[in-house]
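Student: Sequence:
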Amino acid sequence: MVSHLSTHVSLLARLRTGSDDSAWVEFTARYRDLIRGYALRRGLQMADAEDLVQDVFLALSSGMKDFVYDPQKGRFRGFLKTIAARAIGKRLRKSRGMVAQSAAELVLDSTPQEHDGDADWEAEWRQYHLRTAMLRVRSEFRASDLLAFELLTRDGKDAKGVAQELGISVDSAYQAKSRILKRLKALVAEQVAEEG
-10 MVSHLSTHVS LLARLRTGSD DSAWVEFTAR YRDLIRGYAL RRGLQMADAE DLVQDVFLAL
50 SSGMKDFVYD PQKGRFRGFL KTIAARAIGK RLRKSRGMVA QSAAELVLDS TPQEHDGDAD
110 WEAEWRQYHL RTAMLRVRSE FRASDLLAFE LLTRDGKDAK GVAQELGISV DSAYQAKSRI
170 LKRLKALVAE QVAEEG
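Each residue of the sequence shown is one higher than the one before, starting from -10 at the first, in our numbering.
Don't take each hint at face value.
Distance condition first, Cα-Cα at most 30 Å in a straight line; then the derived BS3-like pairs of lysine-lysine [what the hints assert, rightly or not]:
hint: 1; residue 1: K146; residue 2: K174
hint: 2; residue 1: K166; residue 2: K149
hint: 3; residue 1: K174; residue 2: K62
Simulated restraints, written as ranges between beta carbons of each label pair [said to hold, decoys possible]:
hint: 4; residue 1: G32; residue 2: V(-2); range: 26 to 34 Å
hint: 5; residue 1: D9; residue 2: G156; range: 49 to 57 Å
hint: 6; residue 1: A175; residue 2: R131; range: 16 to 24 Å
hint: 7; residue 1: D160; residue 2: L119; range: 20 to 28 Å
hint: 8; residue 1: R131; residue 2: G32; range: 34 to 42 Å
hint: 9; residue 1: D55; residue 2: G145; range: 27 to 35 Å
hint: 10; residue 1: R82; residue 2: K149; range: 50 to 58 Å
hint: 11; residue 1: R125; residue 2: D55; range: 30 to 38 Å
hint: 12; residue 1: R125; residue 2: S8; range: 49 to 57 Å
hint: 13; residue 1: D160; residue 2: L47; range: 25 to 33 Å
hint: 14; residue 1: E183; residue 2: S50; range: 18 to 26 Å
hint: 15; residue 1: A132; residue 2: S50; range: 38 to 46 Å
hint: 16; residue 1: E111; residue 2: G7; range: 30 to 38 Å
Simulated from the structure, these hints should not be mistaken for lab results.
Everything numeric in this text was worked out from a predicted model, so none of it was measured.
Using N, Cα and C, we set each Cβ at its ideal position, and we do this for glycine too.
Make a model of the complete structure from these sequences and hints.
Tutor: In structure tokens:
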């Protein structure tokens, strides 16, 4: 599992050196699914979305040595979204035979855009945080509690039916749901705070 101890700022600093392979491994593990999900929400097919992920990582690797992230200009999610959106634009221009920005320009011109109305990015960002938090929750709770939680929340089953299915009390089903929701909220809040 990806370490959540290093912040995006320190991770970006490690990426700037260009020689920290573990930073790239951590970065790609942390953000690959987010970028791919965004590309899919924007209508790209899976193969094109995978290519877009590589485009974004290539842009970052080419431009990071000259880039200094300034949190005063915006949050990290806006920065990453701008790079991903510009990479989509670059792909579209290229497919139409238009001149595209260089990879370095994608990074250097990526002033973070806060709340620019991109519902696809916002939805994928929320899903990214939830998926990341769920990975941790799965390692912290018993399988029976997780199953009760999923049956109640994801599947929309009633507590009495879940209790009967799992051989637990209705109260136990509600307690599992409550504990896991509380932990998920805490983890997501921690992740968002880590963004800066």
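Student: Against this structure, judge whether each hint is valid.
Tutor: Each hint tested on the structure:
1. K146 to K174: 21 Å, holds
2. K166 to K149: 13 Å, holds
3. K174 to K62: Distance of about 27 Å is within 30 Å: holds.
4. G32 to V(-2): 26 to 34 Å: 32 Å, holds
5. D9 to G156: 49 to 57 Å: 50 Å, holds
6. A175 to R131: 16 to 24 Å: The hint (16 to 24 Å, Cβ to Cβ) holds, given that A175 and R131 are roughly 18 Å apart.
7. D160 to L119: 20 to 28 Å: Check passed, 26 Å falls within 20 to 28 Å.
8. R131 to G32: 34 to 42 Å: 40 Å, holds
9. D55 to G145: 27 to 35 Å: About 50 Å separates the Cβ atoms of D55 and G145, which means 27 to 35 Å is violated.
10. R82 to K149: 50 to 58 Å: 56 Å, holds
11. R125 to D55: 30 to 38 Å: Between R125 and D55, where Cβ atoms are some 35 Å apart, the hint holds.
12. R125 to S8: 49 to 57 Å: At 30 Å between Cβs, range violated.
13. D160 to L47: 25 to 33 Å: With a Cβ separation near 53 Å, D160 and L47 fall outside 25 to 33 Å, so the hint is violated.
14. E183 to S50: 18 to 26 Å: The hint (18 to 26 Å, Cβ to Cβ) holds, given that E183 and S50 are roughly 23 Å apart.
15. A132 to S50: 38 to 46 Å: Given about 40 Å between the Cβ atoms, the range holds.
16. E111 to G7: 30 to 38 Å: Between E111 and G7, where Cβ atoms are some 31 Å apart, the hint holds.
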